[in-house]
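Residue numbers (UniProt numbering), protein chains in the order written: chain A, 1 to 193; chain B, 1 to 193.
The hints are simulated quantities; they were obtained by calculation from the structure and are not laboratory data. Among the hints, a few may not be true.
Because identical chains cannot be distinguished in the list, a pair is counted as satisfied if it fits within a single copy or across any two copies.
In silico DSBU-like cross-links for lysine-lysine, where the CA-CA straight-line distance does not exceed 30 Å [as the list claims (entries may be wrong)]:
no.	residue 1	residue 2
1	K35	K174
2	K173	K38
3	K111	K51
4	K169	K90
Since the model is a prediction, treat every value here as computed from it, not as a measurement.
Spelled out, the chains give:
Number of protein chains: 2
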Amino acid sequence: MQIKKEDKKDRILKSAEKLFAEKGYANVSISEIAKDAKVGKGTIYVYFSSKEEILDAVALRIFEEFVDGARYALEMSKNLKEFLELLAEKLSKDVENRSKILAMFHRERLKDRSKYREITSEYRKVFMAAYERYRDEFKIPFDEMFAFMRGIFMSAYTMADNITEESIKIFLKKILLCFFDVQKDMDCGSGAS
Amino acid sequence: MQIKKEDKKDRILKSAEKLFAEKGYANVSISEIAKDAKVGKGTIYVYFSSKEEILDAVALRIFEEFVDGARYALEMSKNLKEFLELLAEKLSKDVENRSKILAMFHRERLKDRSKYREITSEYRKVFMAAYERYRDEFKIPFDEMFAFMRGIFMSAYTMADNITEESIKIFLKKILLCFFDVQKDMDCGSGAS
Numbered sequence: 001m002q003i004k005k006e007d008k009k010d011r012i013l014k015s016a017e018k019l020f021a022e023k024g025y026a027n028v029s030i031s032e033i034a035k036d037a038k039v040g041k042g043t044i045y046v047y048f049s050s051k052e053e054i055l056d057a058v059a060l061r062i063f064e065e066f067v068d069g070a071r072y073a074l075e076m077s078k079n080l081k082e083f084l085e086l087l088a089e090k091l092s093k094d095v096e097n098r099s100k101i102l103a104m105f106h107r108e109r110l111k112d113r114s115k116y117r118e119i120t121s122e123y124r125k126v127f128m129a130a131y132e133r134y135r136d137e138f139k140i141p142f143d144e145m146f147a148f149m150r151g152i153f154m155s156a157y158t159m160a161d162n163i164t165e166e167s168i169k170i171f172l173k174k175i176l177l178c179f180f181d182v183q184k185d186m187d188c189g190s191g192a193s
Numbered sequence: 001m002q003i004k005k006e007d008k009k010d011r012i013l014k015s016a017e018k019l020f021a022e023k024g025y026a027n028v029s030i031s032e033i034a035k036d037a038k039v040g041k042g043t044i045y046v047y048f049s050s051k052e053e054i055l056d057a058v059a060l061r062i063f064e065e066f067v068d069g070a071r072y073a074l075e076m077s078k079n080l081k082e083f084l085e086l087l088a089e090k091l092s093k094d095v096e097n098r099s100k101i102l103a104m105f106h107r108e109r110l111k112d113r114s115k116y117r118e119i120t121s122e123y124r125k126v127f128m129a130a131y132e133r134y135r136d137e138f139k140i141p142f143d144e145m146f147a148f149m150r151g152i153f154m155s156a157y158t159m160a161d162n163i164t165e166e167s168i169k170i171f172l173k174k175i176l177l178c179f180f181d182v183q184k185d186m187d188c189g190s191g192a193s
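This is chain A alone, in the form it adopts within the complex (with noise of 0.2 Å):
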């Protein structure tokens, strides 16, 4: 039985992402991967021209994950609450691992970060589309909720070296609903500018 070629880029993906969370993005080389994905290394050079562009598609899968999180929480919610607690839910899963490689990329990849732009901007569709459909619960406007959210869950990214999965997941379940009590304040400085 013939491994399908996306079976092969997927298992090189998982194992680089395993070995750069593991021992560092320039500790890592590419036969390392091979070796680990039970490739040979001029497979690797089929799917990528570099370990650079590897690491752009590890980073691109775990953003790729993010946006389906949260989509899953837009899809399966009833009101704004509800979104919230299974965004907290999707976004906290595996964060020790994701947010070495996301430091990694925003380290090394700060200069080519085209591919970080389209997946943001995927993610601001999915955003967009929950402040419509919650339009009544959402008390500021678009742009500072979503600057918000991405100030939290940032925070919960830069914050995994020192807890818990665990901890972070009831972080951002806190503080997503303490948002959702506190937005109605945050605009009250607007007269006073």
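Place chain B on chain A using the hints.
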């Protein structure tokens, strides 16, 4: 020598803050606060008509310290990076106790937050001044920047249950400088909605 009125009020607030943080809001009586502050119970009622009012005043003082901290960071900084570093320094001060008090305030006083709104507008003014001063270094609109910052600071204060003041300071420095780097990507989705 007669004790000045302001000293007494200050002592009451300091004792209340300490006792609330140690024992929880519900477990502290006005008599205990009086005893700890070395004033008569009647003296407390000269300044405050209820325990709720004491909590309001304690929380207000913390918010004022935030505003003072942000103002100090703005005065002492020569560029956005320095402003953010000083901000991280100032706003992580005494975060363990402060976060407890603010959580109490949030829980107990959600329905009467007029004083919170006033002070938030002061806080907003300082950030607006920073935004004007370092205009060239900010890539996103003010309201988005401010919402993003609030997401980060609210996160730090929510996290304070789990990690130490020192970790929060490191976290804040890291994430504020990260914000400084990535803000140029933040509005990337604007065309996509």
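May I ask which of the numbered hints given earlier this structure violates, with the numbers listed in increasing order? 1, 2
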